[in-house]
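A.B. asks: Residue numbers (UniProt numbering), protein chains in the order written: chain A, 1 to 229; chain B, 1 to 229.
FYI, nobody ran anything at the bench for these hints, they're computed from the structure. Watch out, some of these pointers could steer you wrong.
Listed below are several chain A residues computed to face chain B (Cβ distance under 8 Å; list not exhaustive) [to be verified]:
1) T29
2) G79
3) V80
4) P146
Fair warning: this is a prediction, and the values are worked out from it, not measured in the lab. All C-beta atoms in this analysis are idealised placements derived from N, C-alpha and C, irrespective of residue type, glycine included.
Number of protein chains: 2
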Amino acid sequence: MNETREVVVLRYGHRPGRDDRMTTHVGLTARALGADRVIFPDNAGQSAETVRDITGRFGGPFAVELREDQKAIVRDFEGVVVHLTMYGEQVQDVAGAIREAVGLDEPDVLGEASAPRDLLVVVGGEKVPWALYERADFNVGVTNQPHSEVAGLAVFLDRLFDGAELDREWADADRRVVPEATGKTVVDADGDSEGTRGDSEGDGEDSEGDGEDSEGDGEDESDEPDDRD
Amino acid sequence: MNETREVVVLRYGHRPGRDDRMTTHVGLTARALGADRVIFPDNAGQSAETVRDITGRFGGPFAVELREDQKAIVRDFEGVVVHLTMYGEQVQDVAGAIREAVGLDEPDVLGEASAPRDLLVVVGGEKVPWALYERADFNVGVTNQPHSEVAGLAVFLDRLFDGAELDREWADADRRVVPEATGKTVVDADGDSEGTRGDSEGDGEDSEGDGEDSEGDGEDESDEPDDRD
Numbered sequence: 001m002n003e004t005r006e007v008v009v010l011r012y013g014h015r016p017g018r019d020d021r022m023t024t025h026v027g028l029t030a031r032a033l034g035a036d037r038v039i040f041p042d043n044a045g046q047s048a049e050t051v052r053d054i055t056g057r058f059g060g061p062f063a064v065e066l067r068e069d070q071k072a073i074v075r076d077f078e079g080v081v082v083h084l085t086m087y088g089e090q091v092q093d094v095a096g097a098i099r100e101a102v103g104l105d106e107p108d109v110l111g112e113a114s115a116p117r118d119l120l121v122v123v124g125g126e127k128v129p130w131a132l133y134e135r136a137d138f139n140v141g142v143t144n145q146p147h148s149e150v151a152g153l154a155v156f157l158d159r160l161f162d163g164a165e166l167d168r169e170w171a172d173a174d175r176r177v178v179p180e181a182t183g184k185t186v187v188d189a190d191g192d193s194e195g196t197r198g199d200s201e202g203d204g205e206d207s208e209g210d211g212e213d214s215e216g217d218g219e220d221e222s223d224e225p226d227d228r229d
Numbered sequence: 001m002n003e004t005r006e007v008v009v010l011r012y013g014h015r016p017g018r019d020d021r022m023t024t025h026v027g028l029t030a031r032a033l034g035a036d037r038v039i040f041p042d043n044a045g046q047s048a049e050t051v052r053d054i055t056g057r058f059g060g061p062f063a064v065e066l067r068e069d070q071k072a073i074v075r076d077f078e079g080v081v082v083h084l085t086m087y088g089e090q091v092q093d094v095a096g097a098i099r100e101a102v103g104l105d106e107p108d109v110l111g112e113a114s115a116p117r118d119l120l121v122v123v124g125g126e127k128v129p130w131a132l133y134e135r136a137d138f139n140v141g142v143t144n145q146p147h148s149e150v151a152g153l154a155v156f157l158d159r160l161f162d163g164a165e166l167d168r169e170w171a172d173a174d175r176r177v178v179p180e181a182t183g184k185t186v187v188d189a190d191g192d193s194e195g196t197r198g199d200s201e202g203d204g205e206d207s208e209g210d211g212e213d214s215e216g217d218g219e220d221e222s223d224e225p226d227d228r229d
């Protein structure tokens, strides 16, 4: 979302078959909630394909990488490393410090904002090595309860960006969903049939779907794309 | 989280096998982020068992139900119905109205808070019927991008409760994770070896794991429990 600071999500570990959907959802959540890039283990090619496909249709910029060297990526990362884990410090306690460390904090009236620094957010899949806890600048728990790495990533990114990610605009999209109170309207990204509606700014109006360009066929696929497993 | 208002998450649709992990994660996310109850379709018994098991170990109160009559639950719900969908109004635009509708808004100095009302949050799995869009009081999109129903639920609950869910306390837990900067410490819930640390209030100190009662074996299972699929 920012030209001077890259936010990268690393999915650490992947078991083909069993983890396909979770890894896909980590990638799509990273994209939708403001990260610039996701790195998957090199055995997660199917998930990478799905995330690239969504990016091609719904826009970017967003990069998907397959890499073998998970440990080296973390070790050598030049920037701030956050590791999401249920054993970590509570997100509500450390989000401010993380924002400050990467230069996302608002400067005081007389102060100066920190310089932008890149951020690596590590999302555990398979068991992660203890060295990751030690290398991480912040081990962060979104609650200290067992739940979902996708949920943890989502809440973390929303708090990191303080909601600004929800208003980001998308480039090179083929299509765009028009937010509305009751309806399922998708328009061509460059041929908006509802010219008065901004790309990412809701106007609060209750717009009833007019059926134009609508995929409303009485059924819905919800937020979840098919990842072909 | 509240004695006078129940927040219920309904997982709409479930394909055994393929959806087991996603449904489990919906349930665990609902529990961890402040809902009082989750309802799964009656063919999601395995996911229900996993969520109940986590609740037994890490505490509640949190209820898990298996129900056949998804449509009737939505139709007959006495309270506010929110349907999470990528086609809906943007969460940043409607969260305030939803908080107000269920009595979670803060009253003005001279005003009066709305009466508490129950809330049903519907999370789509398989294709959902068009009637759900029409019945819902709010169709809500956490971004209008395709990503993950687990991520959408997490951000929605965090914004619904305005972060208060992160400080909730757990009853009848066997064990409790101690949040810390570098470590993986789990203590008996009623035999806290670190008496000065509150149940859910981080003190910001960098506590190094002392190894007591620690599960730190150099490996981590991350936030994700094994759901035995």
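A.B. asks: Taking the hints in turn, state whether each one holds.
C.D. replies: For each hint, the structure was consulted:
no. : hint : in the structure
1   : T29  : holds, 4 Å
2   : G79  : violated, 19 Å
3   : V80  : violated, 14 Å
4   : P146 : holds, 5 Å
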